[in-house]
Each structure stands twice: as C-alpha cells, then as structure tokens.
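Using the hints, position chain B with the ligand against chain A.
Chains as they are written, first to last, in my numbering: chain A, 101 to 317; chain B, 1125 to 1329.
Each hint should be verified, as a subset may be incorrect.
To be verified - To give a feel for the contact side, a few chain B residues facing chain A, derived at Cβ under 7 Å:
| # | residue |
| --- | --- |
| 1 | F1201 |
| 2 | R1203 |
| 3 | V1271 |
Since the hints were derived computationally from the structure, they do not count as laboratory data.
Since the structure is predicted, the reported quantities are computational estimates derived from the model, not experimental observations.
Even glycine gets a Cβ: it sits at the ideal position worked out from N, Cα and C.
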Amino acid sequence: MSQHATAEDLSAYLDDELAAPVTLRLVEHLEECASCRERLRDTRRVIGTLRQLERAVPPPLLARTVQRRLSLAPRASRGLLERVEDRLRTTPQGSPLFFTFFLVACLAALVYFFASGVERARQPRTVLIVGELPPPPIPTGEIEQVRQLDAASYELVDGLWRQHGIEQRGADLRVEASSEEGRALLAIHPQLPTLGDRVLLRVDEMVVELHGLNALD
Amino acid sequence: MEPATNAVHRQLDHASYGEAGVGEVGHGDLDLVTRHRHGDETAFVEVYQRFSPMVYNLTLRMSGNAEDAADLTQEVFLRLYRHLVKFAGRSTLKTWIYRVTLNYCHSRLGRKQLVIKPLERDDGRGVEDPRRGPEERTLAHDAQRLVGMALRQLKPTFREAVILRDLEGLSYAEIAEVLKLRVGTVRSRISRGRERLKTLLEKSQ
Ligand SMILES: [Zn+2]
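Same shape as in the complex, but just chain A (with noise of 0.2 Å):
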C-alpha cells in the first residue's frame, strides 16, 4: 500500500492546484484507502461550508463617509509631480532644453511642496468617524463623572463620554483625539482605559469611538 495523502496534497488537490505526477499518485492511492477517502470528504465539507458563508453589501452610509472624508483630504501635491513627468516623457532626451525644463521643474516642485506643506499644517485635521449614524443622544442628564486626562477633562453623562468645550466650532478647539493621528495618541493614552472599554467623544456632531481600549498594549 502506498503512503497516505499529506493533509496539503489533500487541501491542493481540492483546489485542483496540485502537479500532474502528484494528483495521479494521489488518486490511485485514493481507490485503495478509505481513510484518505474520509479525510478528502471532511476537508471538502469545511471548504464548502466556507464557500456557503455569506458576503456582505457595504452599508450605503459607507460611501458618504468615504466621499466627505475624501472631501477633507485632498489629493497631496500629485498633480504637479505627474505633469512634470509626463512632459518628462514626451520631452526628447538629452535635448538642451529637457535640461533647462528639468531644472525648473525641480525647483518649481520644491517651491509646490513646501507651500502645500504650509497649507496643509493650517488646515484643520481630518476628523476620524467610527460611528456616525444614528446620530449620538445629546446627552441632556447631570453629569455622571468628570476625569482629567493630561490638560483634558472628560465628562461622562448619559453614557457618552464628552470632552470639555469640545461642542465650541472653531478650527482651535478640534482637539487631538480629533485627528486620526490624535487618536492613535489617545488610544494609547495611559489613563484612557480608566473610562472603560468602549469610548465615545462627541466632536460637534460626530462621535468618535475608541474601542477595547484595554486590549491595547
């Protein structure tokens, strides 16, 4: 009797991604071992349960974050650099005026980046959405509990917990934990996890949401 299948040969065979030589050994020695037999038929059932699992539609609500949040951020500073080299391609090499056009361009480009560098700092930073919909409660009981994390004070009422001031518009009072990047610092505040395991922010009308802070290392 020859050796039995390898549990890879098996899985491969399935997926009908297995050598030539190899599947002929492999059938043969099939018809003469129910134990493979069994084993085929039970890796079979797994990949057909798998085949029957479900696919998901996005929610529609996805694409309206992804566009309001594309509205926020921009495309960098690609448009300039992909003219440059495209006339880069098209310009005859070695030309005297490629040198000159490269030159400029070069320059022109260090001048683009810069200034948007500049433009982008003033900008205010994204705000990152978990949970948009349903809108958040506002929240109208007393105020459960107060914290102070570093220079911030955290207020926990009906459930939610709020940062102080942070319902005031205005570009300055967009706070850390309103930037992605602020949010990676928040969620790995040292103090963060003393709210619990599930953090809402309100930021005006938007609700950030931190999870399973305390999983984080």
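Then chain B with the ligand, alone, in the frame of chain A:
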C-alpha cells in the same frame, strides 16, 4: 476642480450598490490608474464601485464585525485614493488592492488583541445581500455565525490565506502575489487553516 469633486461625491454615494464582479477585474487597470493620475475623478468612482464589496468583505472577515469593517474600508479607500498613482501594473489592480487592504488590516488589527464579543452582538455577517435568493442561503444563521467565529479563531496568517482562497476565490498564484509569499507557503497555510477549522467546527457541533 470643485464641480468634478462634487460629481465624484454624488456618484460615490450610489456606489455601494455597485456589482464588484471580481472576475472581470484586471481589464483596463492601467487605463483606470492613468485617468486617476490625470485628475479624472470618475476613475476613482469606478475603483470604489468595483472594489468596495471586495474590500468590505475582506475586512469584515478579518476583523469579525461590521463596525470595524466599515472603518477599515474607509481607511483603505482613503489610502487607495492617495496611492493609486503608485500602481505600476506589475500585478492586477485586484491583487494590489487586496494587498493594500491586508497590510492596513495588519497594522490596525495587529495592535489590538481582538476581544471575543458576546454572540448576539457579533454575528459578523454585516448586511445581507438582497440579490441572493433563498436557495443560496444554504447555511442557516446559526451556522454562519459558528463558521464566522471559527474563522476568527484562526491565526491571522492562516485566516487570510483561507479567506482569500475560499471566500474570495483567488488562485494560489494570486494569493502568493497578494501576500508576497511562495506558492508552496500559500498551499501550506491554506491547508493548515482548513485543518484547524475542521477541528474547531467539530468542537462547536
Ligand atoms: Zn491513505
């Protein structure tokens, strides 16, 4: 600039209903990227329509819940928007996007020990596909949940290989391309993932 951007946003709004047709993907990839590179905003709408179901399902299975999947999908598309110009056509756009998605999942989910949440909150199914007829819903809700949970208990390296093969239907060569692994390693991971699932499913019955 502004009107074009608005147009994209209006169209993106309807894009989540788009059919991904993973099988057709590959044709015209570079054309799409060139259009994006030249500022044609409708190119990205096409990218979203074609790939959002794929990205969403992958993130859903990797993270195990719809909320995280939506969040991860958003982030992936923001990255795609910025980095699409770098796509050089050495692979298909499909495998490239799978790769971007998994890399992002690793960076986000890797830092977080996934907590097993209570069953009733976490069935991992997201929104049901209305296009599917009842005859296709062969796995009952409970079975779906059990399989989803078992999948989540796999080590991420096995989980992603099994998902790409059995849920996304990629060939071994495509998976090797996505994960930057040798085909032999892909073969072994798929097999080990399936063996582990076999054990987990037997236990749960
Ligand atoms: Zn045998």
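Evaluated hints:
no., hint, verdict
1, F1201, "holds, 5 Å"
2, R1203, "violated, 10 Å"
3, V1271, "holds, 6 Å"
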